[in-house]
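From first to last, the protein sequence lines stand for chains W and X. Per the numbering used here, the very first residue in the first sequence carries number 1; after that it's consecutive. Per the numbering used here, the very first residue in the second sequence carries number 1001; after that it's consecutive.
Just so you know, these hints were derived from the structure itself, not from any lab. These numbers come from a predicted model, not from an experiment. Misleading hints may appear alongside valid ones.
No farther apart than 27 Å at their CA atoms in a straight line, the calculated lysine-lysine pairs in the BS3-like style are these [said to hold, decoys possible]:
no.	chain 1	residue 1	chain 2	residue 2
1	W	K492	X	K1072
2	W	K463	W	K289
3	X	K1125	X	K1072
4	W	K463	X	K1072
5	X	K1125	X	K1111
6	W	K196	W	K65
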Amino acid sequence: MTLLAAGLAGFAVLAVEILGVHLLAPWFGTSALVWSQQIGLVLASIAFGGWLGGRLANRSAAPMKAAAICLFVGGVLLSSGIFLLEPFAETLLPEGLTLDEAAGVFQRGAFTAAMLFFVPPVFMLSMLSPLLVQIRSAERGPGRAAGDISAVGTLGSLAGVLFSTFYAIPSLGVRLTLVLTCVALLVAGALLWGRKGLSAAAILPLALLMIPDPASGANLPVGAEVKAVADSSYQHLRVIEFEDGERWLQMNEGLDSFQSVWRPGQVWPGGYYDLFALAPIYARYQLPKDDVSLLKTWILGFGAGSTMQPLMFGAAPLALDAVGVELDPAVVELGNAWMPLSAEAAAQVEVVAGADARSLLQVAGDDLDIVLLDAYARQFEIPLHLATQEFFAEVYEHLRPGGLLVLNLGTTASIDAEIGFVDRIRKGLELSFGDNIRMHRVPRSRNWVVFARRDFPFPSLHKLVDLLPSHVPVEVGSACLPGQTREGGVAKLGVMPFSDDLNPLLMQQTIEWWQEAP
Amino acid sequence: MKSLLLFLCAFFAVPSVVLAQDSSAVPVDAKQLLQLHLEWEALPASRRADELVILERAFVYLRSGAEGEVRKEIINLTEEHPDALRFAMQADCWNPTNFAAGRDRSDVWLKRFSGRVDTETRSVKSVQAYLGTAETRRQYVHDRAASTSWYPLGSVLLLLLLATGAVRLLP
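Just chain X, with the same shape it has in the complex:
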């Protein structure tokens, strides 16, 4: 398709746990990203399973738009984890078919983790607002389409009216 369906969503603040790491290693081009990925893959299994490593990886993939990798990483964390939930929420923004799931995740996050740092809470709320707007928008389009459902039949009836008029009025 020649359409560029970019789903832009309010971006998350860096998770506080990741800030403790060297987050300046966010890759700036494709080569760096792939090098970083391979370095991570080369880590021992125990290190790869480390929560901080998982979060850092997920964050980097999120920044670069790699939805598939994000979900692969956070699948190792349960949805009880606030950052895993946030990352899943962000990835949900990239596909309208996942908007509803993203909205649900944001509701769950705000119920369970609203005591987290302000930046995280604010960013979740902005994502929630985005998804809410998107959902409202889709509903609006749906309702507009539905409100015109009688148009085709109405136009057929108009044509029949025209035909009747033609038969009656033409000499």
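Just chain W, with the same shape it has in the complex:
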């Protein structure tokens, strides 16, 4: 029984660590800050619980009873946490919160939520180990007892990590998994305690499942309705729909952000997506017109395919021979169900789900026309390994002469900001692409769309007017005006690119996000 209790406690602690962040995600996001806080607080409570458990073990007259109570109370506290998180978040979060307002509220809220709802059960469960060692050492001696409990506890933790990530989240769901963990703790605790009747308390967490999941409506934009919800190993996802039929695929805390956008019957998704129509025009400039009929395009961070229509419009009369890479298969599934591509678009792209963009790019040919990067790990965090000079050099090698790398960069910095991460990314591009870089500011937003071309220049504004087809949204033209455009490499001295070895991008983005918050 001691080993079982140790394994169960180890399992529960890691399940809380992993699943806790997923439970927080719809309310507070899953930024690096939230993850670090969760891991740090869980580790601190393991340490504190272990220390206090050791002191208790030395003086306890009934260590088995004490251990049983720790298990049982851990289950009660975890159940309470699952139930109380939503009202706590609703009280804390202002209605209609936007991403640029959220920094302080999220950080404080995530910390407090973790302290109130995850740290107490972990603390109680961590008191178990010394008590179990005390119990077991009577038969096996302290050394062997400590080794046994440590080993089984760690195996339980390993099971907790693997089960949570690869089965619980995608198949069972976050809430159900945590509820079942509570049930196991309550039943095991009651049995160890010798009070079988207390096992009935397991009904309480099960009753939680009768309540509709409040997380699906967390941070819902005004006027939107939730159409679908999914949890993947990577993130919490949902599809929302507005009155005019527009749909957004959102991740984690949602707010006013989207992962993909879909407008029924319309070519142009709006915002930075529309600027992707420039990519085929730039990629074909000064190249022979009649040597290709297809543009080989890789889209890294495919999402639900919002990039396709603008790309196709800009490429016409050529078609695309596109590969869309999306890390999270759940995104592709939701996209297919709720934001389907047109038949014409679907015929021009092969979607590869479940693969990392940079890894998969290694198998791409070296004659690509366009590589389009629109990948975000969380709301505003560009994956570190997709923002380095080494990655840009790899992309450069996969492009044919004249080929184009396109990046969507979201920033919290104002248009006249000093050195921010945008300049550092530009510097990384410059090392491979030289001065063949052009950045367009997306109108009425803080996004830049950056184009970097291999070995060929960009068209002048006069030439661009000739090349642009009609019926491209006026905002795309606005983005091409000189006041909205930056050309070439970084003029400022002392700007360092991000590298695989040294990459403070996450810290820099987080700082910029904090600085903009009220």
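Given the coordinates of chain W, assemble chain X onto it according to the supplied hints.
Frame of chain W, contents of chain X only:
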């Protein structure tokens, strides 16, 4: 960022001076906008410096969201000019870091130019209301965040209470 931070603001009525021009030449797509821009750039310097041309350009850029171009144009007009002030105010709506400046401009405009046509005054007031609401909103979020500043320490104290209870009550 996968967020579309669109700062939608009450849009200005066409300035009365521009109405005297052929304002039906507002471009409907990117190609037209860029063609118009190049036509303007090709004008002689004296024509480009003409106030009506500046206003027309600024208005067209404003409609198409080209903040950088708007500010470049109106920099040639002093802030004593009612339309320059209005255009700057509109551009300020697109970035929360400029909301306070936009609000100040609207106050100045209403003090100096409230005798202008009703449509202009109404639109400035609606922009002022928008910026005021936005400012109030940011203050509200700030105050909410500030009111929770004790939460982390409070939760630590609660945990210590739990730990004390555990030590005292566990057998």
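We went through each hint and held it up to the structure:
no. : hint               : in the structure
1   : W:K492 to X:K1072  : holds, 22 Å
2   : W:K463 to W:K289   : holds, 16 Å
3   : X:K1125 to X:K1072 : holds, 25 Å
4   : W:K463 to X:K1072  : holds, 23 Å
5   : X:K1125 to X:K1111 : holds, 12 Å
6   : W:K196 to W:K65    : holds, 13 Å
Going down the numbered hints, you'll see the structure goes against none, and every one checks out.
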